[in-house]
Amino acid sequence: MAVVTRADVDSALEVMRGLFPETPLQYNQHLSGRFGADIWLKREDLTPVRSYKIRGALNFMRKVIARGGKDETFVCASAGNHAQGFAFVCRHFGVKGVVFMPVTTPQQKIEKTRIFGGGTIEIRLVGDIFDQCYAAARAFVEQTGGYMVPPFDHADIIEGQATVAAEVLSQLPEGTVPDLVVLPVGGGGLSAGMTGYLEGIVKDEDFLLVEPAGAPSLKRSLETGGIVTLPRVDNFVDGAAVARIGELNYRALSKFDGSQVMLLPENAICVTMVEMLNIEGVVLEPAGALSIAALDRVGRESLKGKTVVCVVSGGNFDFERLPDVKERAMRYQGLKKYFVLRLPQRPGALRDFLELLGPDDDIARFEYLKKSARNFGSVLLGIETSSPENFAGLFGRIEAAGLTYEDISENEVLANFLI
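In terms of numbering that gives the first Met the number 0, the sequence shown opens at residue 0 and continues consecutively.
Hints were generated in silico from the structure; no laboratory data involved.
Treat the hints loosely; a few may be bogus.
[Said to hold, decoys possible] Computed list of lysine to aspartate or glutamate pairs in DMTMM-like fashion (alpha-carbon distance at most 20 Å, straight line): (1) Lys202 <-> Asp178; (2) Lys325 <-> Glu204; (3) Lys325 <-> Glu354; (4) Lys305 <-> Asp130; (5) Lys254 <-> Asp295; (6) Lys108 <-> Asp361; (7) Lys62 <-> Glu13; (8) Lys254 <-> Asp152; (9) Lys69 <-> Glu141; (10) Lys111 <-> Asp317; (11) Lys95 <-> Glu141; (12) Lys62 <-> Asp178; (13) Lys202 <-> Glu166; (14) Lys303 <-> Glu204; (15) Lys62 <-> Asp9; (16) Lys202 <-> Asp256; (17) Lys108 <-> Glu121; (18) Lys254 <-> Glu204; (19) Lys95 <-> Glu121; (20) Lys325 <-> Asp205; (21) Lys254 <-> Glu198; (22) Lys325 <-> Glu383; (23) Lys325 <-> Asp295; (24) Lys303 <-> Asp178; (25) Lys62 <-> Asp130; (26) Lys202 <-> Asp37; (27) Lys202 <-> Asp237; (28) Lys305 <-> Glu204; (29) Lys111 <-> Glu121; (30) Lys303 <-> Asp37; (31) Lys62 <-> Asp37; (32) Lys325 <-> Glu300; (33) Lys108 <-> Asp317; (34) Lys325 <-> Asp256; (35) Lys305 <-> Glu319; (36) Lys108 <-> Glu141; (37) Lys108 <-> Asp237.
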């Protein structure tokens, strides 16, 4: 069930042009050649706040103001893109805004939100986790009678995000209809809006919805036939790590089958982030890379000859995270492994081990953990190599030398503790 009409979305788009220009729909030569298709990237990372969230916030707030609410206080709870879009719109309209953020929010995000809001917003740091922060924001709204600007579960927010689809249709070559539209999904505002606007133009089966594997709220809900609240989520893809899909959003997306929702491992998303940075010079946040990362899973054979639109939802990436992203990417590609080696405590033992390494094997981590027996010690090793196949040869040589080891690369508990 669509929760938007094209006429209302087009009206919202007219208002939006007073705040920022349309984001480009770029034909990507690199991806198009790789998959034998026409790959178009809708660059929402190029809005003034580097994400599409500004659209929903603008649409929600302009309607409240039109009803005479300009003197009211607007409130949001967010540590990311929603807060920045909200702050930018507060400054645009000259209205008072209060942003609730967890105490654990990185200082860079706090300062960026403050800059976007200028002197119109106040930032309050409350709670260690988002749920505590959100509860504080809700309590503030109840006490003051202000307006809570939700991140995704509201008709006006969905309508605002749907303007992305309106722009896409106007930017594609005349007469072109996408054979596949790839949409990232978090709370569902963007996907509900875009699928609603494109209803009757793009067939339902030609949408691919993409969630991070650690936060499959839409997929689990569609499979169950009702909204599911996940007991836990992996917050690495912070722009799409949502434990519960929005009520209105689920209603709009319930026409899709669970098989149309692709779950991508967080480390696979890192591969795309690194490739887009190195090859295209495009900085993406994890959620912003979801739609592009999905192309590898779909595969060249399925994409060949098609016109594909991928929505790049955001580019607010803290470069302090880059080492972790590169590490995750290498582990996913099989180019880096960690293992614990049982090494004899005798002169020359380390030299003997080093001679087992191949010409493309490089030690990235070497740490004695403890002596597990009087004559043996445990060593944590991180090895980088140029090809995944090199590890089979290395482990074969280690075993032939009579040494024992345990590969902990995929053991999340041990890896998180030791690495």
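Each hint tested on the structure:
1. For the hint linking Lys202 to Asp178, the alpha-carbon distance of about 9 Å falls within 20 Å, and the restraint holds.
2. Only pairs whose Cα atoms come within 20 Å are accepted, and Lys325 paired with Glu204 is rejected, the gap being roughly 34 Å.
3. Our distance criterion of 20 Å between C-alpha atoms is broken by Lys325 and Glu354, whose separation comes to about 27 Å.
4. Our distance criterion of 20 Å between C-alpha atoms is broken by Lys305 and Asp130, whose separation comes to about 42 Å.
5. Among the hinted pairs, Lys254 with Asp295 is inconsistent with the structure: their alpha-carbon atoms are about 25 Å apart, more than 20 Å.
6. The hinted pair formed by Lys108 and Asp361 fails the criterion: a straight-line CA distance of about 36 Å is larger than 20 Å.
7. For the hint linking Lys62 to Glu13, the alpha-carbon distance of about 14 Å falls within 20 Å, and the restraint holds.
8. For the suggested pair Lys254 and Asp152, the alpha carbons sit about 17 Å apart, so the restraint of at most 20 Å is met.
9. Among the hinted pairs, Lys69 with Glu141 is consistent with the structure: their alpha-carbon atoms are about 18 Å apart, no more than 20 Å.
10. Distance restraint check for Lys111 and Asp317: the Cα-Cα separation of roughly 11 Å lies within the 20 Å cut-off, and the hinted pair is therefore satisfied.
11. Proximity of Lys95 to Glu141 is assessed by CA-CA distance (about 16 Å); at most 20 Å being required, the pair is judged to hold.
12. Restraint check for Lys62 and Asp178: not satisfied, since their Cα atoms lie roughly 34 Å apart, outside the 20 Å limit.
13. Pair hint Lys202 plus Glu166 holds up; C-alpha atoms about 18 Å apart against a cutoff of 20 Å.
14. Proximity of Lys303 to Glu204 is assessed by CA-CA distance (about 17 Å); at most 20 Å being required, the pair is judged to hold.
15. With a C-alpha separation of about 14 Å, the suggested pair Lys62 and Asp9 falls inside the 20 Å cut-off, and the hint holds.
16. The straight-line distance between the Cα atoms of Lys202 and Asp256 is roughly 13 Å, inside the 20 Å bound, and the hint therefore holds.
17. Between the alpha carbons of Lys108 and Glu121 the distance comes to roughly 14 Å, so the proposed pair stays at or under 20 Å and holds.
18. This hinted pair checks out: Lys254 and Glu204 have alpha carbons roughly 10 Å apart, not beyond 20 Å.
19. Distance hint between Lys95 and Glu121 is fulfilled; the C-alpha atoms sit about 8 Å from each other, no more than 20 Å.
20. Only pairs whose Cα atoms come within 20 Å are accepted, and Lys325 paired with Asp205 is rejected, the gap being roughly 32 Å.
21. Using a Cα cut-off of 20 Å, the hinted pair Lys254 and Glu198 holds, with the two alpha carbons roughly 11 Å apart.
22. Using a Cα cut-off of 20 Å, the hinted pair Lys325 and Glu383 holds, with the two alpha carbons roughly 12 Å apart.
23. Between Lys325 and Asp295 the alpha-carbon distance is near 18 Å, which keeps this suggested pair within the 20 Å criterion.
24. Proximity of Lys303 to Asp178 is assessed by CA-CA distance (about 11 Å); at most 20 Å being required, the pair is judged to hold.
25. Taken as a hint, the Lys62 and Asp130 pair is broken in the structure, with Cα atoms around 27 Å apart against an allowance of 20 Å.
26. For the proposed pair Lys202 and Asp37, the alpha carbon gap of about 18 Å is at most 20 Å, so the pair holds.
27. Between Lys202 and Asp237 the CA atoms are separated by roughly 30 Å; this puts the pair beyond 20 Å, and the hint is violated.
28. Between Lys305 and Glu204, the direct Cα distance comes to roughly 14 Å. Compliance with the 20 Å bound is thereby established for this hinted pair.
29. About 13 Å separates the Cα atoms of Lys111 and Glu121, which keeps this hinted pair within 20 Å; it holds.
30. At most 20 Å may separate the alpha-carbon atoms for a hinted pair to count; Lys303 and Asp37 meet this at roughly 9 Å.
31. At most 20 Å may separate the alpha-carbon atoms for a hinted pair to count; Lys62 and Asp37 exceed this at roughly 38 Å.
32. Between Lys325 and Glu300, the direct Cα distance comes to roughly 28 Å. Violation of the 20 Å bound is thereby established for this hinted pair.
33. A threshold of 20 Å between alpha carbons decides the hint, and for Lys108 with Asp317 the separation of about 9 Å falls inside it, so the pair holds.
34. Restraint check for Lys325 and Asp256: not satisfied, since their Cα atoms lie roughly 34 Å apart, outside the 20 Å limit.
35. The suggested pairing of Lys305 with Glu319 is violated, with an alpha-carbon distance near 37 Å, which exceeds 20 Å.
36. With a CA separation close to 26 Å, the supplied pair Lys108 and Glu141 exceeds the 20 Å bound.
37. For a cut-off of 20 Å, the pair hint linking Lys108 to Asp237 stands: about 13 Å separates their Cα positions.
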